[in-house]
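Chain Z: place on chain Y using the hints.
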Amino acid sequence: MFNASAQDAANGKTLFMGKCASCHNVTKKGTGPALGGLEERHKWADHNEILKWAHNPTGYMATDPYTQGLKAEYGSLMQAFPDLTLKEVDDIVAYINVTWNEFKNPKPDAGAGAGAPAATGNSALIFGLISIVLGVVALILMQVNSNLKKMSDDAEGILRPEPVPFYRNKVYIAMIALVFFVIGGYYVSKGAIGLGRQKDYQPVQPIYYSHKVHAGINQINCLYCHGSAWDSKHAAIPSVNICMNCHKAINAYEKGPKLYDEDGKEINGTAEIEKLFAAAGFDPKNPAKWDPSMAKPIEWVKIHNLPDHVYFNHSQHIRAGKVQCQSCHGEITAMDEVKQVADLSMGWCINCHRQTKVDFNYSQGKGNQFYSIYEKFHNDIKSGKMDSVTVENIGGLECQKCHY
Amino acid sequence: MMKNIWIVTLVALTGMLISCNGVRREPGRAYMPDMSYSRAYETYASTQNLKDEGINYTALPVNGTFAKNDLLFHYPYKNDSAGYANSATVKDPLPAMDAVQYLEAARLYLVNCGICHGTKLDGNGPLWNGGSGPFPSAPRNLMDPLMVKLADGTMFHSITYGKNAMGSYASQLNVSQRWMVIQYIRDKQANSGAATDTTAKGKMPMADTTKKK
Chain Y
1 MFNASAQDAA NGKTLFMGKC ASCHNVTKKG TGPALGGLEE RHKWADHNEI LKWAHNPTGY
61 MATDPYTQGL KAEYGSLMQA FPDLTLKEVD DIVAYINVTW NEFKNPKPDA GAGAGAPAAT
121 GNSALIFGLI SIVLGVVALI LMQVNSNLKK MSDDAEGILR PEPVPFYRNK VYIAMIALVF
181 FVIGGYYVSK GAIGLGRQKD YQPVQPIYYS HKVHAGINQI NCLYCHGSAW DSKHAAIPSV
241 NICMNCHKAI NAYEKGPKLY DEDGKEINGT AEIEKLFAAA GFDPKNPAKW DPSMAKPIEW
301 VKIHNLPDHV YFNHSQHIRA GKVQCQSCHG EITAMDEVKQ VADLSMGWCI NCHRQTKVDF
361 NYSQGKGNQF YSIYEKFHND IKSGKMDSVT VENIGGLECQ KCHY
Chain Z
405 MMKNIWIVTL VALTGMLISC NGVRREPGRA YMPDMSYSRA YETYASTQNL KDEGINYTAL
465 PVNGTFAKND LLFHYPYKND SAGYANSATV KDPLPAMDAV QYLEAARLYL VNCGICHGTK
525 LDGNGPLWNG GSGPFPSAPR NLMDPLMVKL ADGTMFHSIT YGKNAMGSYA SQLNVSQRWM
585 VIQYIRDKQA NSGAATDTTA KGKMPMADTT KKK
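These protein sequences, in sequence, are chains Y and Z. Just so we're aligned, residue 1 is where the first sequence starts under our numbering, counting upward by one. Just so we're aligned, residue 405 is where the second sequence starts under our numbering, counting upward by one.
One chain only, chain Y, in its complex shape (with noise of 0.2 Å):
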C-alpha cells in the first residue's frame, strides 16, 4: 500500500476515528495495542488477514497463537467488525502509516514556544532610589547652602554665632524623626494586619500540577475533582483515583503549551504523570495489572486556611449563594501553580457579604426560597389565620440551635 493517497488516509481517519480509535491509537497502548507500524508485525501486512481477523476474531484467534497472545496482555477480546470492507481497511491502514510516519520523523519544531516569562520590573524599586538620591542631594544643597552663606558673612564682617552641624540642628532632627516615625509606623501596623494572612501564599506542591492545563485548556469542571464543594463544607482534593480516570490512559505530557514553574524553570509534564504514578502504583506498561487499592494518597500543601474559630461552608456558598469558584480562589484557569488570591481576612468576608444581594426570588421558583416560609407567615398574619410567630416556628426547637 505505497501509493495509497491522501484521500485514502482521510477517508481511513473517519473510519479509524469511528471504529477504532475507542481502544486503538496510532502510538500508544490503550485498550487494544498501539496501531502504528502495524504491517510490520505478523501476517498484517496482507490486509486480507486483518479483515478476516476484524470480522471474526474469536473465529480467526482459534487457529493463531499471536492473536492469543495479544488477547492475554490485554485481557480483553476486540469487538467483531462483520461490515467491514477490504477498500475500509486499506484506508485505515493508509491513515495509521501516515500518522505513524509523522510520529516517527517529526517535523522540527516552528515557533518552540516562548521563552520563560520575563521578570516584570519593579517600578517601586526605582522610584524609592530616586526619592534617596533626590534626598541626599537636597541635603547636600542646603549644606553647600549654609557654608556659602557662612562665607559671604565673614566676607562682609558679619558677625554670626558659630552654625550649628545639620546633625545637631534641632529642626533637621525632629524632621527625620518624624519621617521614621510615619515610615516605620506604617510598616509595623502593616507587619502587624499581616500577620496571620497568606495572600500569595504560592507553595511548591509534591507534583507540578496545572490548574491552567486541567480546568482552563482541557475545561475540566472544577466540581470534576472538587465534587465534594457541592455537598460538604470542604473542597476536597481529589484522591488517586480520580486523577487515574484519565492518567490510566494520558501517560505523557505531549500536547499542551511548554510549562514554567515561578522561577521560570522549565517541567517535564511526562515526569510530573510519572510522579502520579507512582504514588498510584501504576505501571503505564501493564495497565491491566493496576490495583487502585494499592495506591498512597499525596500529600499536596494546604493553601487557603482559615482558623479554627471560622466556619466557611463551600456548599452553602455555591449553592445557596451562587457564589462561583473564581470569586474567591482568583483565576484559577489561568494559574499553573495556585496561589492564595484573597487574603481571607475578616474585612474580606465582611466586605462581600454586605455587598451580595440574597437572591431570594421565590416568586420565579428558582432563588435559594430560603426565607420563602417567612413571606409565608406575612400571608396567613394578613389573613388572619395565624395571630403571631412563635420561635418554635422560625426552627426554635431545632436541636443544633443549642446543642452545636
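Please keep in mind that the hints were generated in silico from the structure rather than gathered at the bench. A virtual CB, placed ideally from N, CA and C, is assigned to each residue, including glycine. Heads up, a few of these hints could be off.
Here are the simulated lysine to any residue pairs, SDA-like style, with alpha carbons at most 20 Å apart [claimed, not checked]:
#1 482(Z) x 296(Y)
#2 19(Y) x 454(Z)
#3 296(Y) x 454(Z)
Incomplete in silico selection of chain Z near chain Y, CB under 8 Å [to be verified]:
#4 440
#5 499
#6 531
#7 569
The following block gives chain Z in isolation, referenced to the frame of chain Y:
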C-alpha cells in the same frame, strides 16, 4: 563616620525594597498558631499517630457495609466478565425523575461525563476534541445504536467499575446518582431522533420556571 551611616541606611532600604519582590513559598507567621492551624483532626490532617496507636480513624469502611443512601439498591455483581454479563439483568430501581431531579442529573452528567462523552453525548468532549485533545482513546458516542441497545444494568456496571479506558466513577457518583445519569442518557437518546429505543423513558418535563410560589 556620617558617610558610613548613610551608606548603611541606603543599603538597608534597597534591601528592604528588593526583598518585597518574589514568590511567596512560605505561609508566614501567625499570632496564635494553635488557633490558625487546628489542633483537632481536620479534613486531610495526618492521622498517622492514631494509626500508630492502633486506633481506627477514617479508615476504609468495613467489608460488607454500604452507605445509607445506597441502601436503596445494592449492586450484587463483581468486576469480572461474569459480572459484566449478568449486569444486563439488573433493572433501574429509581422511579422516573421529576424536573428538579432531571436538572440535577444533567448537572452530574455535565460535570462528570461531558468532559469525555461530550455535552451532546456524541463522544466528542473537550478531552478528545476530534482526536486533538490529550486523551488517546475516542470516548464512546452515547448516541450510537450500540449504546442505545446497551442494558441499563450494564451501563451501571461500566460506570461503577470502569470500562476499557474509562475509570470507575463509584467514588464520584453514588448509587442513585449513577442511575440518575443513566436516566438522563436514556432521555437524551430517546429525544435525539437519531435512534429508536423502546426502553427509554419519554421526554422529561423541563423545570417549570413560571411556577407560582
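Do the hints match the structure? See the list:
Between the alpha carbons of residue 482(Z) and residue 296(Y) the distance comes to roughly 24 Å, so the proposed pair goes past 20 Å and is violated. A distance of roughly 52 Å separates the Cα atoms of residue 19(Y) and residue 454(Z); the hinted pair therefore is violated under the 20 Å criterion. A hinted pair counts as satisfied when its Cα atoms are at most 20 Å apart, and residue 296(Y) with residue 454(Z) qualifies at roughly 18 Å. Interface restraint check for residue 440(Z): the shortest CB-CB distance to chain Y comes to about 5 Å, inside 8 Å, so the restraint holds.
Taken as an interface hint, residue 499(Z) does not check out: its beta carbon lies about 22 Å from the nearest beta carbon of chain Y, beyond 8 Å. Interface hint status for residue 531(Z): upheld, as the beta-carbon distance to the closest one in chain Y is roughly 6 Å, under 8 Å. At about 4 Å, the closest approach between the beta carbon of residue 569(Z) and any beta carbon in chain Y falls short of 8 Å, and the interface hint on this residue holds.
Violated hints for the displayed structure, listed by number in ascending order: 1, 2, 5.
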